[in-house]
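First to last, the protein sequences are chains F and W.
The C-terminal residue of the first sequence carries number 362 in the working numbering, and the numbering is unbroken.
The C-terminal residue of the second sequence carries number 362 in the working numbering, and the numbering is unbroken.
Note that these hints are calculated values from the structure, not bench results.
Bear in mind the structure is a predicted one, so any value in this text is a computation, not a measurement.
Treat each hint with caution, since some may be false.
Since the list gives no way to pick out one identical chain from another, each pair is judged satisfied if it fits inside one copy or across any two copies.
As the list claims (entries may be wrong) - List time: in silico SDA-like cross-link candidates among lysine to any residue, alpha-carbon distance up to 25 Å:
#1 Lys149 / Arg81
#2 Lys60 / His235
#3 Lys149 / Ala169
#4 Lys334 / Asn92
#5 Lys149 / Arg93
#6 Lys339 / Ile327
#7 Lys334 / Leu54
#8 Lys149 / Arg61
#9 Lys149 / Asp94
#10 Lys334 / Ala169
#11 Lys149 / Arg90
#12 Lys149 / Val62
#13 Lys334 / Gly308
#14 Lys149 / Leu76
#15 Lys60 / Gly317
#16 Lys339 / Tyr49
#17 Lys149 / Glu77
#18 Lys339 / Asp94
#19 Lys149 / Val87
Protein chains: 2
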Amino acid sequence: MQTVHIDLGSRSYPILIGSGLLDQPSVLAQAIPARDVLVVTNGTVAPLYLAAVLRGLAGKRVASIALPDGERYKTLETVGRVFDVMVEQRLNRDACVVALGGGVVGDMAGFAAACYQRGVDYVQVPTTLLAQVDSSVGGKTGVNHPGGKNLIGAFHQPRAVISDTATLATLPMRELRAGLAEVIKYGLIDDLEFLGWIERNAQPLLALDPEALAHAVRRSCEIKARIVAADEREHGQRALLNLGHTFGHAIETATGYGQWLHGEAVAVGMVLATDLSRRLGWLAEGDVARVQALLERVGLPSRAPTIGADRALELMGMDKKVLAGRIRLVLLRKLGQGKVSGDYPAEALEATLRAHFEARAA
Amino acid sequence: MQTVHIDLGSRSYPILIGSGLLDQPSVLAQAIPARDVLVVTNGTVAPLYLAAVLRGLAGKRVASIALPDGERYKTLETVGRVFDVMVEQRLNRDACVVALGGGVVGDMAGFAAACYQRGVDYVQVPTTLLAQVDSSVGGKTGVNHPGGKNLIGAFHQPRAVISDTATLATLPMRELRAGLAEVIKYGLIDDLEFLGWIERNAQPLLALDPEALAHAVRRSCEIKARIVAADEREHGQRALLNLGHTFGHAIETATGYGQWLHGEAVAVGMVLATDLSRRLGWLAEGDVARVQALLERVGLPSRAPTIGADRALELMGMDKKVLAGRIRLVLLRKLGQGKVSGDYPAEALEATLRAHFEARAA
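Only chain F is shown next, with the shape it has when bound in the complex:
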């Protein structure tokens, strides 16, 4: 087992990473001193891992709720069902919520924990690669609103994160690849050496090699931990973690949620951020090709859907008349060094959008 610490003063917590952690009851028992526990999971994950988690919580008063699986259920109404169970179980402020599942479960369980009696503890037990390297760490919780993703939520740090990489064996390959997009993101914004490591280890990662997975999760969490510790509430540098996300958001919205996985849209978004950085003279042609090649090597899309440059701009929240500088984007000063910037020429952004979102002549 490896441990990464998130240093946030009184809100600090460990991320425990290893293969088979859920089969070691002492891991859960030590992370959760509470006597009353509510496990929040979903209908897909419950049959796979709920029994192991319940064994790990033996001796406590434990209830569980399985939410419907999928981003479209990440709503205030679904969190309301979690509150209902918490009240039914008469949980008090000393209770602990366990989020067992992917990012959707973690976001909702964390939000429920943030709001129940104005805040109770929760522990993340992420079972997807995306959640293990990104969403379970850093305390962002919340739900979607019909008007936009994650518009309602809270910053509420977990008490611990338990990432059992063995759970990735049951993850559909497409979701594994989507998680790798976020792993690649960490290399791009912060660590060129890690980027090289991912390039050399794409095959072991896709083959679920335990050591490779543990390294990818650990290194991703280390980078995220440092960035979050420096800017917990995203007033500045934490935005680096959004590389590719603004472009990706336009893709997700234009194609309808569910068509593209979040990680897939982020992958293409990173290509666009890379392309824009090249237009600013920060990257070379070869850098862009290198990023595309890596995405393709792990089976991620690297080409955008033809949603149109104007539509993309609108979905990125920009008004064409006041285009430049309106939205801060994460760009790359060089490979391995992200930069949050609102200071780019409108023409460069437009050229990037045209090149990628418009239909190309054959």
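Model the placement of chain W on the given structure of chain F, informed by the hints.
Showing chain W alone in chain F's frame:
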């Protein structure tokens, strides 16, 4: 205008107190630098004070929403309507919410501000005495759940509180009296001299004398400010502010919400807390009579409804078998000095409940 500061580091804020503050546009303008503002109010308060607030926000992009008036609408569903308007108005993280109304409006507007985009600013403009002396100060926000009051919420400090005591002129007398219960509470837990001042100024307060009101609001806020600054998230001494509330909660629930105003139930709850403190030898008979006399002088109830001692105990969240020490109560070490204690004999509590909640022989 008088100002009380709440000292919470980066979350510090001023409470501005005075008669006619809403008619001075500079007061609102200075407290709210944001360009985008959402005023949350209710159908009773809007016709009275919304126009003045809108004048004070002239030059900004302002929207408003009037929620239905009443504690029974303090739900997650109602807050959902506030979120809808925030999204419709495309408010971003720099927006500011203004809570114009009593405690229910303040709790919901504050909770909406806490959760929208994981937290935007809000300013409290309380228009009831209860809200001016208590609920608008200290950052407790939230909604009720069918299973209990304030079960869902967040700690989210306002950016400022603007208490215009002239708004109390339109408050029903019964609600003014209910607000005075909380004012008396501050004297009982923290300031014997203030208690004496209230006794001497009961008539000016009920007659809405501006100086008397301003002093009562200011002194109440000063006491609350000190207690909240020392224990923002109620891990300890902040519980002092709940004098009479556990007993009062039993009354509110047993009689159905709406029968007794919160302040009325708290008034009787304070009599019970006083009676229990006397049984512990901390107060004299005369102290109990003094508290009852003051409550009666301002027109508050001082006698409990006959809901039965067993039912009261159950509603206080206690199991009879493990009665003593299960629930911490706020008691009075002497008049003007509250004490949070879970260490009282079961028999003393039972005697208090019997004496007050059982039908008495004539």
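Status of each hint after checking the structure:
no.: 1; hint: Lys149 / Arg81; verdict: both (20 Å within a copy, 17 Å between copies)
no.: 2; hint: Lys60 / His235; verdict: between (39 Å within a copy, 24 Å between copies)
no.: 3; hint: Lys149 / Ala169; verdict: neither (28 Å within a copy, 44 Å between copies)
no.: 4; hint: Lys334 / Asn92; verdict: neither (50 Å within a copy, 31 Å between copies)
no.: 5; hint: Lys149 / Arg93; verdict: between (29 Å within a copy, 14 Å between copies)
no.: 6; hint: Lys339 / Ile327; verdict: within (13 Å within a copy, 53 Å between copies)
no.: 7; hint: Lys334 / Leu54; verdict: neither (47 Å within a copy, 49 Å between copies)
no.: 8; hint: Lys149 / Arg61; verdict: between (34 Å within a copy, 24 Å between copies)
no.: 9; hint: Lys149 / Asp94; verdict: between (31 Å within a copy, 18 Å between copies)
no.: 10; hint: Lys334 / Ala169; verdict: neither (34 Å within a copy, 65 Å between copies)
no.: 11; hint: Lys149 / Arg90; verdict: between (31 Å within a copy, 13 Å between copies)
no.: 12; hint: Lys149 / Val62; verdict: between (31 Å within a copy, 24 Å between copies)
no.: 13; hint: Lys334 / Gly308; verdict: neither (28 Å within a copy, 74 Å between copies)
no.: 14; hint: Lys149 / Leu76; verdict: both (12 Å within a copy, 19 Å between copies)
no.: 15; hint: Lys60 / Gly317; verdict: between (47 Å within a copy, 21 Å between copies)
no.: 16; hint: Lys339 / Tyr49; verdict: neither (39 Å within a copy, 47 Å between copies)
no.: 17; hint: Lys149 / Glu77; verdict: both (15 Å within a copy, 19 Å between copies)
no.: 18; hint: Lys339 / Asp94; verdict: between (41 Å within a copy, 22 Å between copies)
no.: 19; hint: Lys149 / Val87; verdict: between (27 Å within a copy, 11 Å between copies)
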